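Peer 1: Listed below, chain by chain, are the residues.
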Amino acid sequence: MITGQGITKTFRQRGSVLAGREVKALRGVDFAIKKGGAASFIGESGSGKTTLGRIIAGLESHDAGEITIDGTPMSSLRPKQRQPYFRRIQLIHQDPYSALNPTRTVHQTLNAPLDLRAKGTGRSRSWVEGRAEELLELVGLDPGYVLPRYPHQLSGGMRQRVVIARALTVDPEMLVADEAVSMIDVSLRLGILALLKDLRERLGVSVLFITHDVATARYIGEDGELYVIYRGQVVERGHVETIISDPVHPYTQSLLSAIPVLRGLEQPGEEPVVPTEALDEGNHDAGCLFARRCPFRTGRCESEHPVLGHAEGTSQEHACFHPRRRSVVAMPAGRA
Amino acid sequence: MTAPTIIPGAPGGTRTTGGARATLRRNFWRGVGRVLRRKPSRMLGVIILAVFAVMGAFGPLFYPAQLPRDNNALYAAPSLIHPFGTDFEGTDVLALVITGARYVLLTGLITAVIAIVLGTGVGLFAGFRRGRWDSLLMRITDMNLAIPGLPLLLVLSTVWKFTSAFEMGLVLGLLGWGGVARSVRAQTLSLRERGFIEAARGLGLSTKHIIGRELLPSMAPFIAMNMLIAVTGAVYAQVGLFFLGVLPFEANNWGVMLNLAVFGGGALTTTAALPYLLAPLLAILLLTLGIVLVVDAMDEIFNPRLREE
Amino acid sequence: MFLFPTKKAPAPEREASSPERTSLPERSERSERSERSGRPEELGGPERSGRSEQPGGPERSGRPAEVSPPGEPEKAFPGKKAPGVRVSGLSVVYRTPAGELPAVRGIDLELVPGTITGVVGESGSGKSTLALSLLNAVQPPGRISAGSVEIDGLGDVVRLGGDALRKARGRHIGYVFQAAQNSLNPLKTVGKQLLDLGRSHEVDDLRELVRDAKELLGRMGMDGARVLDSHQHELSGGMRQRVGIMLALVLNAHLVVLDEPTTALDMITQATILRIIREVHEERGLTTLVITHDLGVVAEVADRLAVMYGGRVVEQGPTMEVLGAPRHPYTQGLIRAIPRLVGDIGEARALPGRPPTLGTIPARGCVFRERCHLRMAVCETEEPPAISRGEWIVACHAVAAEAEAEGGRRRVAAGTQGSAKAHGAKGEQG
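One line per chain: the protein sequences are Z, U and A, in this order. Take the first sequence: its letters are residues 1 to 336, numbered as in the working numbering. Take the second sequence: its letters are residues 1 to 309, numbered as in the working numbering. Take the third sequence: its letters are residues 1 to 430, numbered as in the working numbering.
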């Protein structure tokens, strides 16, 4: 179980003291991911979702808030002591090309962390070799083919599978997949998503999926939780299927409306929400953060800041003064 | 079993077990051969460097410690016996070039090794650790870069004779690591943001592993190139020093030859000493050419993708 | 090659080096089609302006003359409007250590004037190479080895060279490069780059050009003056993409090629850009080609769709029809592999195998057979025949067999005959 309370992160842009600009990447985000559970962070680039994922994986520090891993608050530990905790959370990079060392074969890449574990637990060399093959088979690769090869000799999809196999060498509790399929060929993406889903079901690894594409989030698991993040704040949260079918926050609705409709197969939703253009809203912090782009804003939105809370009679939470269900998602065309 | 993926079966995909490392090494050298053969100029470069290496290692063995003089043939013109003529004492110029190579090359090599080891070490450590260590090491580097080399050598030459190539190389190396450190640090800073370094840290791999096995190999072409270029730099520096007459003529050296040809033989005004001047110049030129030709292959040698293709 | 009665014979060396003998049946099929449609004559004619499905057409038709100052070369094409493009038998090869390998092979594609055509393909499908061929801009080690790209008002682009080609790019063909977000010069303001573009194309009235640029930017929802004064880093990804589109259109090109226009953009920005592409396309009366790996992009924006795989067009036709009932197994698999928001998740499937690379594209037979569940023996050896049903063309043996079984369409028979003939001819040669 991994939880976070009030995670805050501000980036100070480097440069002269006078020109230093602050960017609020995260503004007090709460989350909880159960053991073996699935969650997705959805948002545009710059929403802070990637930063949050990196903080969870222990690759970035945060300014305020608490991360608790299996009941242990991380702030109570010294950096060295945190390492074994964060090792249970492995990040799968967006770009499988840079995530693998081009000068090392898959064999070398997998053996390094396995050797370390073998040394720590007194296991033998043959365990290392066997485990490497086992893991490659687990991610759907042929060890005989893949092991002696360098990353450039593999396709994008295979590389991402190797990256996943490498993450599995430390028996992680959670995989954080940051746009893990966006650089992979379209016809192979679903294979990677299915693999993550499968690992979750078979190994009980929880999966945190970070993406701007809501549709891919659906494939990690129907019981998954969806966090819609806008400018460092969670604006809507709930079950994947609920949020897709009944979004109430205008930002969530904008995201869903923006997903291309496969005309011929589907027809557009009835009330698509198109946000107004985002113009230097970076510095605008008063009231609802989305107000300036929201087509439904009122005076209250400009002055008051909405907090995440339960909508009446639903399981989902939202941060909007004027929640309303709109059918924005495409529907199957009336064929057949 | 798991994901429904079909991976093309590997015809002859070797299973890597015990002999994996040996196989890798064999493949590496096979790749190096391939890269060199790709362009004839690279082969030429390798041959030139090999000739110089042999010259430096075994050259002096073919000649007596004191090269024979011939008072009847002072500044003799090039002939079959003396392909580059003779010097002011009637000593064969070719013999001088060959016996002088050892000092020059050894100095170059020692300089390069010291500069690269120091520079790479400092650059890697500063770039990887960042923060306070980075600031400290970079200030030291700046100081190193700010040392005026020539005046320092002038001062040093008054107390030190530089008879052995090692002393010379040590001084030049200690003077020359700053630039390498700076550029290695810059490379490290950009590499450490790469996904695979981050992943290695996330997996809990040791710093030793990350620096030695992940960072260094990625920088190998860069370091190798710097090393070769440092050799040329060192050769120029010492030859220049001897040519200027800053250092005492204890050793047989290309720079000494240049000095004597110009100031003693008046090679710039008369033709008699011209071969005496041109022979060491030609040697330096050839050495530089060989290095430049080989540098061209470095990128492909250390990049598995370019190597295998 | 003699099967193209409407075209001039290609240059002899092209013909000699053409590896395209085997794909003759496919082409005979298509050339027949283009003959039938007889577009070239139609296009030059004066009736063209009457195209009904082009909103804003009439106002636009006067525009070029109005905008261009007198004496401009533009004047030479007073009626310059959405041109038609006919790509036929196009092959592009790349020189590699393993010999010349085809990245694009025997492509026949027609861009109907005033429509948006979407080309979809994964990595290695040759879609970007195809886009570059429209400008005759394939860089060495690649070269166009066969075929022609006829653009109305320009002729065969493949035969253009030097200055004529340079002028054609920009004035006739606007190109928005892949990752246009990053293709601006970081050291110069957008305005400076616009002026550079104007000067290199010898535009006399640069003020006019700037006014046009501002108008275009304004049309795309931006403050033109401010954008022209900005450097690349001051603009967001979506804004840069719009600047790219502006630079492609500002010289009044009426054929626009957009290579991956929305890659690396967020969903909402992507939707905005696609809307802009659609609107600008209609307002200015363009012929547009969108190259993308994302079927969703094509579904949103394109009237017609061509699916590429391994350097071939495997299926093409009206977007709605193709997406509604894809016939080629690759198109079917691709659609099934796209995560959707609605419907049963369990139905989605990844395509097995992986897309071919330049070196692994099969030299004979169907390029998709490795990953195809309908694979038959004939797929190994024979180029799939092109089966057309109206504007809808599919190149697949399985579809051909099915069509034959359905009642034997005449053209299928013709295709098979042609294929047999071509095969025989090849055998003689060998």
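Just so you know, these hints were derived from the structure itself, not from any lab. Among these hints, one or two may not hold up.
As the list claims (entries may be wrong) - With a cut-off of at most 35 Å between alpha-carbon atoms, the simulated DSBU-like pairs for lysine-lysine come out as follows:
1. Lys24(Z) with Lys35(Z)
2. Lys119(Z) with Lys80(Z)
3. Lys35(Z) with Lys80(Z)
4. Lys167(A) with Lys192(A)
5. Lys24(Z) with Lys192(A)
6. Lys35(Z) with Lys39(U)
7. Lys24(Z) with Lys197(Z)
8. Lys35(Z) with Lys119(Z)
9. Lys208(U) with Lys119(Z)
10. Lys188(A) with Lys24(Z)
11. Lys80(Z) with Lys34(Z)
12. Lys80(Z) with Lys24(Z)
13. Lys80(Z) with Lys39(U)
14. Lys34(Z) with Lys24(Z)
15. Lys119(Z) with Lys24(Z)
Claimed, not checked - Just so you have them, the derived chain Z footprint on chain U, three or more residues with Cβ under 8 Å:
16. 184-196
17. 213-226
As the list claims (entries may be wrong) - Simulated DEER-style distance windows between Cβ atoms:
18. Val46(U) with Ala401(A): 39 to 47 Å
19. Pro97(A) with Lys161(U): 33 to 41 Å
20. Met43(U) with Ala98(A): 45 to 53 Å
21. Pro141(A) with Ile47(U): 53 to 61 Å
22. Asp63(Z) with Ala264(A): 47 to 55 Å
23. Gly131(U) with Asp70(Z): 24 to 32 Å
24. Glu312(Z) with Ala405(A): 20 to 28 Å
25. Leu136(U) with Ala98(A): 51 to 59 Å
26. Val46(U) with Lys188(A): 25 to 33 Å
27. Ala286(Z) with Ala164(A): 26 to 34 Å
28. Ser41(U) with Gln332(A): 47 to 55 Å
29. Val46(U) with Pro97(A): 17 to 25 Å
30. Leu61(U) with Glu134(Z): 53 to 61 Å
31. Gly162(A) with Ser41(U): 38 to 46 Å
Note that the structure is predicted; figures quoted are calculated from it, not measured. Where a beta carbon is used, it is the ideal one built from N, C-alpha and C, also for glycine.
Peer 1: Each hint needs a verdict: does it hold in this structure or not?
Peer 2: Each hint, compared with the structure:
no. : hint                                 : in the structure
1   : Lys24(Z) with Lys35(Z)               : holds, 30 Å
2   : Lys119(Z) with Lys80(Z)              : holds, 19 Å
3   : Lys35(Z) with Lys80(Z)               : holds, 24 Å
4   : Lys167(A) with Lys192(A)             : holds, 20 Å
5   : Lys24(Z) with Lys192(A)              : holds, 34 Å
6   : Lys35(Z) with Lys39(U)               : violated, 57 Å
7   : Lys24(Z) with Lys197(Z)              : holds, 33 Å
8   : Lys35(Z) with Lys119(Z)              : holds, 28 Å
9   : Lys208(U) with Lys119(Z)             : holds, 16 Å
10  : Lys188(A) with Lys24(Z)              : holds, 30 Å
11  : Lys80(Z) with Lys34(Z)               : holds, 25 Å
12  : Lys80(Z) with Lys24(Z)               : holds, 27 Å
13  : Lys80(Z) with Lys39(U)               : violated, 51 Å
14  : Lys34(Z) with Lys24(Z)               : holds, 27 Å
15  : Lys119(Z) with Lys24(Z)              : violated, 43 Å
16  : 184-196                              : holds (count 3)
17  : 213-226                              : holds (count 5)
18  : Val46(U) with Ala401(A): 39 to 47 Å  : violated, 59 Å
19  : Pro97(A) with Lys161(U): 33 to 41 Å  : violated, 55 Å
20  : Met43(U) with Ala98(A): 45 to 53 Å   : violated, 23 Å
21  : Pro141(A) with Ile47(U): 53 to 61 Å  : violated, 29 Å
22  : Asp63(Z) with Ala264(A): 47 to 55 Å  : violated, 29 Å
23  : Gly131(U) with Asp70(Z): 24 to 32 Å  : holds, 31 Å
24  : Glu312(Z) with Ala405(A): 20 to 28 Å : violated, 59 Å
25  : Leu136(U) with Ala98(A): 51 to 59 Å  : holds, 52 Å
26  : Val46(U) with Lys188(A): 25 to 33 Å  : violated, 44 Å
27  : Ala286(Z) with Ala164(A): 26 to 34 Å : violated, 58 Å
28  : Ser41(U) with Gln332(A): 47 to 55 Å  : holds, 53 Å
29  : Val46(U) with Pro97(A): 17 to 25 Å   : holds, 21 Å
30  : Leu61(U) with Glu134(Z): 53 to 61 Å  : holds, 58 Å
31  : Gly162(A) with Ser41(U): 38 to 46 Å  : violated, 32 Å
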